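Please put together the full structure from these sequences, using the hints given.
Protein sequence lines, in the order shown, are assigned to chains E and Y. In terms of my numbering, the first sequence opens at residue 1 and continues consecutively. In terms of my numbering, the second sequence opens at residue 1 and continues consecutively.
You can trust all of the hints, since none of them are fake.
Residues from chain Y that face chain E, not an exhaustive set, calculated with beta carbons under 7 Å:
(1) 11
(2) 36
(3) 43
(4) 47
(5) 97
(6) 100
(7) 103
(8) 106
(9) 107
(10) 113
Derived list of chain E stretches under chain Y, where covered just means 3 residues or more per stretch with a C-beta under 8 Å from a C-beta of chain Y:
(11) 50-60
(12) 85-95
Simulated from the structure, these hints should not be mistaken for laboratory data. Note that the structure is a prediction, hence the values are computed from the model and not measured. The beta-carbon is built from N, C-alpha and C at its ideal position, and this holds for glycine as well.
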Amino acid sequence: MHLHRTQNGTVDVIRLPKRLTMADAATYRHEIRDLVDGGHIHLVMEMCDVEFVDSSGLSVLVSAIKAARGAGGDVVLSGLTPQVQALVELTRLHHLFDIFADEQSAVAFLDNRVAA
Amino acid sequence: MKQLLLINIEPDNIPRAAEWIESICRSEGLPETDSYQVKTCVVEAINNAVEHAYGFGKGAISIGIWREGRQLMIEIANDNENRGSAAVTQDPEPVSVPVPESERGRGWLIIKSWVDDAVMDRLGGRTVVRLTKRVPI
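In structure tokens, the structure reads:
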């Protein structure tokens, strides 16, 4: 399964699937790494479709932000459901990621950062 | 009455087990959020078995759930006896919050945080994770 990506200026939006779990974690991790290696370093992880995440899914997000920041970019999250938000807070990942209510806000944030 | 599900360790079977557990939790009176949390913990326990004991495509896991008074008991067991000593499930990660940049160490934290009790036992070649969740009155 491939991740769905759209480009919005200098920002790429990755629409994460319904389930972000161990079964596909390695594939997604490599796909995002390849994207970052290809110069797409400002990423929004749009999570409005994500109904379920496990710790392997969370590790995909952490891997992505480490890769992006290592290349001078960043990863932000948007559209978290209450359950996913609870898991992110439980695991303290809200200290690592900027989190936005929707994709537009997230894109605007990264756009402004790139322009600054 | 104990209800049991036996799954071969295949990627498609984990969501099936997860939905099965969540459905029973709901029918036993657990609120939606609690049921979701139990489901997440069961997935983490299965993941642990997949990661440390088998890998996908090998072996099976049994999941049992039953009611004891105001508590739901859930048991996730895998059988390592055909895999020798190298297959023994590793100790759970310490129950501490990993640094945010860490890519590992969150599974057992999630389990310990989202159920009322969680223990892991190794009995012979079997690794068993037992979870307890109180059902609100």
